[in-house]
Each structure stands twice: as structure tokens, then as C-alpha cells.
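Asker: Mind docking chain G on chain X? Use the hints.
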Amino acid sequence: MKYAWVWRVGLLAALVVLLEVLCATGGIDRLTMQPPHRMAVDLWRIITSGSLNAAILRTLTNAAIAFVSAMLFGVVFAVLLHRARFLRETLDPLFATYYAIPVFAFYPLMIVVFGLNDLPEIFIAFMLAVVSVVVTTLAGLDRVPRVLLKTALVSRLGPVETARRIVLPFVAPFLLTAARLAIAYALIGVIGAEFIMSSNGMGYEISFAYNNFDNATMYPLILLVILTSVLVNALLSYWERILLTQRGLS
Amino acid sequence: MTATPMRTLQSVTLLVLGLLAFWQLLYWGVGDVAFRSPVATVRFTATLLGNETFWPHARETGRAFAMALLLSVLIGLPMGVLLGSNRMVGAVFEPILVASYAIPKITLYPIMLLMFGLGMSAKVAFGVIHGVIPIALFTVSAVRHIRPVLLKTGRVMGFGPLEMARSILFPAAMPEIFAGLRIGFSLTLIGTILGEMFASQRGIGFLLMNAIGLHNVDLIMGLTFLLSVSAGIASFALLLVDRHMKARAA
Numbered sequence: 001m002k003y004a005w006v007w008r009v010g011l012l013a014a015l016v017v018l019l020e021v022l023c024a025t026g027g028i029d030r031l032t033m034q035p036p037h038r039m040a041v042d043l044w045r046i047i048t049s050g051s052l053n054a055a056i057l058r059t060l061t062n063a064a065i066a067f068v069s070a071m072l073f074g075v076v077f078a079v080l081l082h083r084a085r086f087l088r089e090t091l092d093p094l095f096a097t098y099y100a101i102p103v104f105a106f107y108p109l110m111i112v113v114f115g116l117n118d119l120p121e122i123f124i125a126f127m128l129a130v131v132s133v134v135v136t137t138l139a140g141l142d143r144v145p146r147v148l149l150k151t152a153l154v155s156r157l158g159p160v161e162t163a164r165r166i167v168l169p170f171v172a173p174f175l176l177t178a179a180r181l182a183i184a185y186a187l188i189g190v191i192g193a194e195f196i197m198s199s200n201g202m203g204y205e206i207s208f209a210y211n212n213f214d215n216a217t218m219y220p221l222i223l224l225v226i227l228t229s230v231l232v233n234a235l236l237s238y239w240e241r242i243l244l245t246q247r248g249l250s
Numbered sequence: 001m002t003a004t005p006m007r008t009l010q011s012v013t014l015l016v017l018g019l020l021a022f023w024q025l026l027y028w029g030v031g032d033v034a035f036r037s038p039v040a041t042v043r044f045t046a047t048l049l050g051n052e053t054f055w056p057h058a059r060e061t062g063r064a065f066a067m068a069l070l071l072s073v074l075i076g077l078p079m080g081v082l083l084g085s086n087r088m089v090g091a092v093f094e095p096i097l098v099a100s101y102a103i104p105k106i107t108l109y110p111i112m113l114l115m116f117g118l119g120m121s122a123k124v125a126f127g128v129i130h131g132v133i134p135i136a137l138f139t140v141s142a143v144r145h146i147r148p149v150l151l152k153t154g155r156v157m158g159f160g161p162l163e164m165a166r167s168i169l170f171p172a173a174m175p176e177i178f179a180g181l182r183i184g185f186s187l188t189l190i191g192t193i194l195g196e197m198f199a200s201q202r203g204i205g206f207l208l209m210n211a212i213g214l215h216n217v218d219l220i221m222g223l224t225f226l227l228s229v230s231a232g233i234a235s236f237a238l239l240l241v242d243r244h245m246k247a248r249a250a
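Here the protein sequences come in this chain order: X and G.
Counting in the numbering used here, the first sequence runs from 1 upward without gaps.
Counting in the numbering used here, the second sequence runs from 1 upward without gaps.
Extracted from the complex, chain X is given alone in its bound form (with noise of 0.2 Å):
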């Protein structure tokens, strides 16, 4: 299959030029859409401009937090709910079904809570993210292999030296599972909330640009999140690989 990543290109590619064959020919209207060339070149405006690059900033910076906190409590939580087996096997339906229930509901009351600042949107996406932390890396937890935490026991490690040695290298690649779905979760949750009540980010200035007919903003502001979110996928998901072909899994 070593050609399969030319075909990928090439048929995105396509899709690119028949958006932009439609755009042009009328076949989809310029209300609706704009040509994806215009989209760059706009995108490419806004930045160089920086008149939106407050929004961006603050977007990314709020995932970002939200990311880095639900991953250090998540890995944590995890590590602590993997030795109490009773909590665990309590929690387990709450872990199942928790991401049927609607978090932006409780975006409200956050705002009360805390007041109408960059906290409330961080929370949500820190509620999003951290439990799809906790559900991967149990997952990686449980998988690690008996044999090797009896190696671990007969060479008389430590607790801290076979975290270190054995169980931290071994659970690494769902670390990075982890960590892509925690980075899709924390954006979903600032954006969505920055949507619903906000005066300030990418989510407002989208959905502003929205009520007003503004394409020529929103568009390019679609398509920078699109990028963001699958070009620091694409990175992790290709460190992610590097990990499991050192050892031999890919």
C-alpha cells in the first residue's frame, strides 16, 4: 500500500478543485459557500492582518489549559481508580455513558459559578476531555502484561522504578490515544461554548460572522480550526506509530 497516501492527496485534491468548479460555474451559490482559493486567501488576510488574532489566541490558549489539566488529572484519577477496583467497577456505567449526556447544559450554571471569564468555557472542555482521558489510559493499564510486572517484582524494582521502566513506556501509545481524543474534546468544549455565551473567540467570531452574512471571516475561521485539529492529530497519531513500531506492534 505504498501508494495509498497519493491517492489520498490526489483525491482530496479533487474534491478541492470540484468545490472550486461549483463555486465558480454557480452550482453552489456564493451565499452558501465561498470558493476554497478565496478561503485561503483569507484566511491568510485575517492572520497577516491580525485583527482576529486576539480570538485565535484566546480559543487556543483556553484548549490548550483545558487539554494540559485534563490529561494530568485524568492520568492520575486513572492510575488511583486502577488499584480501587470496587470504585472502578462502580463508576464503569458512569464512563459508558457519559458522553451521551448534553455538558454544555450545565454551561449556565458555570457561568454563575465562576462568572463570565475564560473559566466556565475551560471547565466544559476540561469536563469533555477528562474522562475519555481516564477510559484510555485504564484501558492501556489494564493490557500491560503480567509477565512484565513479574519481571519487575523479581528484579526488585520499586513502585516508582517499574512506573518509570515498565509501566509508563508500555501504556505511552494509549497516552497519545489519549491525548488526541482530550485535543478534540478540549476545542469541541471552548468552541461550542464560545457559541453559546460568549464575547470573545474563535466560537463568537464564527457565529458572529454567521448572523451577519460574513463569509469572507467565517469560512477561514472554519477552515483554521479544521487545520489545527487535524494537523496536531496527524502529528500525535505519527508519533503514536513511531512508539508501537519500535516495538515491533505496527
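Each hint should be verified, as a subset may be incorrect.
[Unchecked claim] Listed next, with one range per pair, are the computed distances between beta-carbon atoms:
#1 G:G50 <-> X:L11: 28 to 38 Å
#2 X:L157 <-> G:L20: 39 to 49 Å
#3 G:N86 <-> X:V9: 15 to 25 Å
These are computed hints drawn from the structure, not numbers from a lab.
From the three backbone atoms N, C-alpha and C, an ideal C-beta is built for every residue, glycine too.
Answerer: What follows is chain G alone, placed relative to chain X:
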């Protein structure tokens, strides 16, 4: 995980009691400004369910969700089977699918609105873009993990593609496909609700968004409670079926 029915019942009871206690404590901490106690919420939900004006919205959401789920399955399953059984197609398209899983789809709502207009089709489309990808991805992996000997048996018996899918592919891959359906169910539901929040004039999501705008705490709490409980019960039931299937396959 060897969870006997007795054990599961016990942990669910504990979980529900724990969540109720947590909720009550939170209520004492936050106060009446943006929160209601469990008792008040249940009471309000009961009056809401007795209210004539509520049911058209509930039916609307139910119809949108059913349609979105049906479409997600009808698109996701064949896509997954195709990508899983044909190596070249899989190698080309699977990374695209994985990447689009990570896109914060909430940013796409303005595009959905522009394409489909305000109303039923926009929220169904929003539900489908959330639900179809996990269903397809789980199906891909399920089809890939079918033991080759089963496929060879089918070929020896001279099965055509349809017969192959009906009597070998689906039965063998069902446990894993069902796990995908379970996740697709949750995501389709949340997608439909989100679609209603941003892109609709009817439905439970619309009521919720309205309540958020008017800061009607009773309604926010009641609707969130209702959504969480029904999603929780449905998704837990699916989880039980899921476990049952895995246990039988193992």
C-alpha cells in the same frame, strides 16, 4: 471484567445514590441562583412531562434522532464493510475518516445551516456527521479482525458477496460492530441535540437553548435531567447487550 448481573445491579445502585448525594451537596454549595436540588428538579420534570406544550418538542427531537441514527447506520455500516474488506480502499480512506473524527464538528454548524436551512434536515445532518464516523471506524476494525479461516470457508462454499456478508461477515463481526453502534448512538444523540440548540426552532435542544438564554434555571435543570436520564438508561441497556455479545463470542 467478570461482572455478574447481581454485581452490576449493585454498582449501578451505588452509582445512582452517589450521584444524587453529589448533586445535593453541590446544590447546598452553589445555592438557588443557578441550580436546583434533586427533589425540585424531579418535581419540575414531572410537571414538564404533564405539560401539553412539551410533547411536540419531544416528538420532534425523537423523530430527528431516529432519522439521524438510521442514516448513520445505513451509511456507516456499508462504508465500514467496504473499507475493512478492501485493503486498498481502506488504506486510502481510513486516515481521512480518523482525521475527520478529530475535527470539532461543532464548528461546522454554520455550514450545515447554510446548506440545509433552518429545520429538520440541518439537525439530522448534524446528528449524522457525529454518529456515522465511529460506526464506520468500528466496522472497519471489526471486519479486519474476522478470522481468515471463516472467510476461506465462505469462499470454498462458493458464497457470493451478499451471502458472504449475511452469513459470515456480520455474524462474526457483530460484537465489535455493536460497540461502534453504541458509541454512534450516543454521539448521534448529542449531535442531534447540539444541532437543535444552534440550528432549529423546535425540539428539546431548542427549548434548552431558549432556557439558557432566558436563564430559566428550572427548565435547564429539568431538560438536562431528562436528557441525561434517558440517554443514560438507553446507553446502559446497549452496554449490557454489548457485554452479553462479547461474553458469548469469547
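Asker: Falls inside 15 to 25 Å, the C-beta gap from G:N86 to X:V9?
Answerer: holds (19 Å)
Asker: Is 39 to 49 Å right for how far apart the beta carbons of X:L157 and G:L20 are?
Answerer: At 43 Å between Cβs, range holds.
Asker: Quick check: does the Cβ-Cβ distance between G:G50 and X:L11 fall within 28 to 38 Å?
Answerer: Given range 28 to 38 Å: violated, Cβ gap about 54 Å.
In terms of the numbered hints stated before, the structure departs from hint 1 and from no other.
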